[in-house]
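Student: Going line by line, the protein sequences match chains X and D. If you're matching positions, the first sequence starts at 380 in our numbering and goes up one per residue. If you're matching positions, the second sequence starts at 380 in our numbering and goes up one per residue.
Some clues are possibly wrong.
Same chains, same names: a pair is fine if it fits in one copy or spans any two.
Computed cross-link-like contacts, EDC-like style, restricted to lysine to aspartate or glutamate with a CA-CA straight-line distance of at most 20 Å [what the hints assert, rightly or not]: (1) Lys856 / Glu757; (2) Lys856 / Glu443; (3) Lys739 / Asp767; (4) Lys647 / Glu500; (5) Lys647 / Glu448; (6) Lys762 / Glu649; (7) Lys438 / Glu757; (8) Lys613 / Asp587.
None of these hints come from the bench; they were simulated from the model.
2 protein chains.
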Amino acid sequence: MNYSIVRYILGRTLLLEALLLVAPLMVAFIYQESSITILSFIITIILILITGILMSWQKPSKPEFYAREGFVVVTLTWFFLSLFGSLPFVISGSIPSPVNAFFETVSGFTTTGASILNDVEILPRSILFWRSLTHLIGGMGVLVFALAILPKVESDAVHIMRAEVPGPSFGKMLARVSHTARILYKIYLIMTGALILILILFGMPVFDSFIHAFGAAGTGGFSSHNASIAHYGKPALEIIIGAAMLLFGVNFYIYYLIMIRQFRSALKNEELRWYGFFITLAIAVISLMLIPQYNNVNQMLRDVFFTVASIISTTGYATANFDTWPMAAHIVLMLLMFCGGMAGSTAGGIKVSRLAIYMKTVFQDIRHAISPNRRIVENFEKKPLSRDFQHSVSTYFMTYILFFSACLFIVSFDTPNFISAFSAVAATLNNIGPGLDMVGPTSNYSELSDWTKIVLAIAMVAGRLEIYPVLVLLSPKTWRKL
Amino acid sequence: MNYSIVRYILGRTLLLEALLLVAPLMVAFIYQESSITILSFIITIILILITGILMSWQKPSKPEFYAREGFVVVTLTWFFLSLFGSLPFVISGSIPSPVNAFFETVSGFTTTGASILNDVEILPRSILFWRSLTHLIGGMGVLVFALAILPKVESDAVHIMRAEVPGPSFGKMLARVSHTARILYKIYLIMTGALILILILFGMPVFDSFIHAFGAAGTGGFSSHNASIAHYGKPALEIIIGAAMLLFGVNFYIYYLIMIRQFRSALKNEELRWYGFFITLAIAVISLMLIPQYNNVNQMLRDVFFTVASIISTTGYATANFDTWPMAAHIVLMLLMFCGGMAGSTAGGIKVSRLAIYMKTVFQDIRHAISPNRRIVENFEKKPLSRDFQHSVSTYFMTYILFFSACLFIVSFDTPNFISAFSAVAATLNNIGPGLDMVGPTSNYSELSDWTKIVLAIAMVAGRLEIYPVLVLLSPKTWRKL
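This is chain X alone, in the form it adopts within the complex (with noise of 0.2 Å):
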């Protein structure tokens, strides 16, 4: 293990996010808010410059930067965000406990959007900004974002970025990653900016159209009010978000093809012709199970489509109340809980394109069984699936399957039921935030104990990125010398 240069990128890193912390101190002092609020954001900027400069002081003393190391960096990269970016809350004593802070500042930078707050309209503005700005910079993933800024490991960063871009595979941009890291980036931000001014121009006051731009770009969650987007009781602004948080669980790959006029691969896209499918496929059967519910057909259907775009995107913004829809609708929306987003998007959850790989190879085996003579082989996005591919994308799975049942062993001490238990782990583990009954839409996870909280803040940083990291961390393998 490479210590020196572990160090000194988790510095660097740091300074970024001092950088950021300027960001919600400017909107403390528009405000005009209370001196306690604002010194919250000074100290934890003071505190983060110093430990940054600290650790980023001497270079790297060896040049060696293996998975082993990128692993690492990421992995340490959240929790040093979360750690520092959580003491603004418990400063300002908008969250008093650290574990609650933590928690909340995690579950922002992993774009999950879980929270611990019962009432979230009492806080100051700057606090709610910055809390939303985690979404943002979690969204594209800080490294990704670091990257673009920090070029000088530019040859060493492909591992960073292979341990980052959430997804199997992400196209050809993998090879010049630093370029790409811009390109994601610009994209990204210029979408972010476009769903502002929309939200601003249909009716939603400046300042929360940026909070829910932010929470829909990363997919995070947070809201400026506790009714989440039912505040508003807008339907115009219901489907503006409901699409946008469809588009931001879109593979960024397809936004740079559309960029560079390649229309038609773009369109041909499998997996994002499977992504339309499982969003129609849910919407028309949930929406056949509710008719009964609702005497509103618009109103149901808006409902439907919001709720499907707020869990397959593993955003969390709530309209409606879905823990009073029929248990086989909660199904439907578990296994979007579990689908996610298409590779290469801000979105969680185990993603499209492994799901269709997966049944894909499920086919093929039936087949297989029928006539064992016989070879069959399956295609995804026109290429033959090789075995290889096959495998790492099935034993991700299995590693999912494990992680979840470890998480909810430990979660079951903590909840009075088995859907509690099981929701919080699939809620935290795929990014989504709020799950079902006692952390359902209408309630949060605040009665959890400090303990459980860690483990779930665990699982939200396992869940951004896709498992391995973690476990490469948690391994003594890793800490051996060789």
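With the hints as your guide, set chain D onto chain X.
Tutor: For chain D alone, coordinates are given in the frame of chain X:
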């Protein structure tokens, strides 16, 4: 599809069922039961004889017998045997509803033990005997059983064998199928006979000893008492049946090794060690959780031992009402439900060997992530795990999860809460029997709709045959002419 051979084998197997029905008929005579009970068996036997003779009168026109035919025969056999096997229940009036009777019989043949009966103690003994005899028959798989009697399809029988014997590998036993079947059959019956004797010796009534030995041997779980094994309140019987369930969850290949005096190979079997490890771990973990709930440590250990043995062997006998145990204990039991016994035993579930291979595959992948340039090969049973083998095991797991999700969705229309739906599917697909809450140890499946019962019956057969044969049967490709 070679329809004639499918028809022929089904016919022959039905004739065998007619023969087996003579046993409960004898019981009815011995206990001088009502004429309607006696008649119900006689009518059934006549109906089966007519159908069986009609179906097997004409020899198959073509000798071709491929994997496809094997899968279809195996799956249809379970449905046919259950359909005809349910007639005595309906005719005698013990279970008037045909769907309920079908559910109960499928549950018997698949050695699941899920029941729709609220009171078993009012049933005639011959009916109870037939109900439990289906466990014994189902135990080793009707076709392994049939193979030993019908040696005419010997050369092609390997396909049936492959579809029938549970688990991913059965050592070198596959080669000599008919010979093997006879050996397995012998071990199985000797062990069952020994268990009957031991139970009688320790004070269980003779009739009950047969019933519970059949239930333990097939890892089924039907009892002649509403309170299951708790009825006797005898610690010795609990320990004997607990140990018996564990022994019938062991790969029969191990007993074969013991029979030919290869004790060392038997003890060195890796799957056996994993099995022991899982059992010990589960007992230790649950016991630690239960300490505050029990005054008597002996009783606690006995309850935990029995419950763990009952669940991991997928039998489903009960002594303690584990619904009152803490949630975390439920999660451990749930994980054991999915684990199941060893491959090549009468137990259901995913199987210990598969789980061990999953975990090894996951660890291999983590180690590969840490050191990408080193080639890491895991061993299982002292042989290196090949990619192809890992692929087939992973794919089974994914098929399992997909099938599970589909069942969960359908069942959720008919269950009041998540835990009922989830555990009903888990308990039937893994061939355990009782689940939790609505289908818990103190309740049963009677309140579900007919539609749900049929879906769960399909799940039981799918679980017993490790899913593929059922999927092959349902696939349109199977029925297409080539």
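Student: Take the hints in turn and mark each one as holding or not.
Tutor: Evaluation of the provided hints:
1. Lys856 / Glu757: between (36 Å within a copy, 16 Å between copies)
2. Lys856 / Glu443: within (18 Å within a copy, 54 Å between copies)
3. Lys739 / Asp767: For Lys739 and Asp767, both the intra-copy (15 Å) and inter-copy (17 Å) Cα distances are at most 20 Å.
4. Lys647 / Glu500: Intra 44 Å, inter 64 Å, cutoff 20 Å: neither.
5. Lys647 / Glu448: For Lys647 and Glu448, the Cα distance exceeds 20 Å both inside one copy (37 Å) and across copies (39 Å).
6. Lys762 / Glu649: Within one copy only: 11 Å inside, 39 Å across.
7. Lys438 / Glu757: For Lys438 and Glu757, the Cα distance exceeds 20 Å both inside one copy (49 Å) and across copies (39 Å).
8. Lys613 / Asp587: within (14 Å within a copy, 68 Å between copies)
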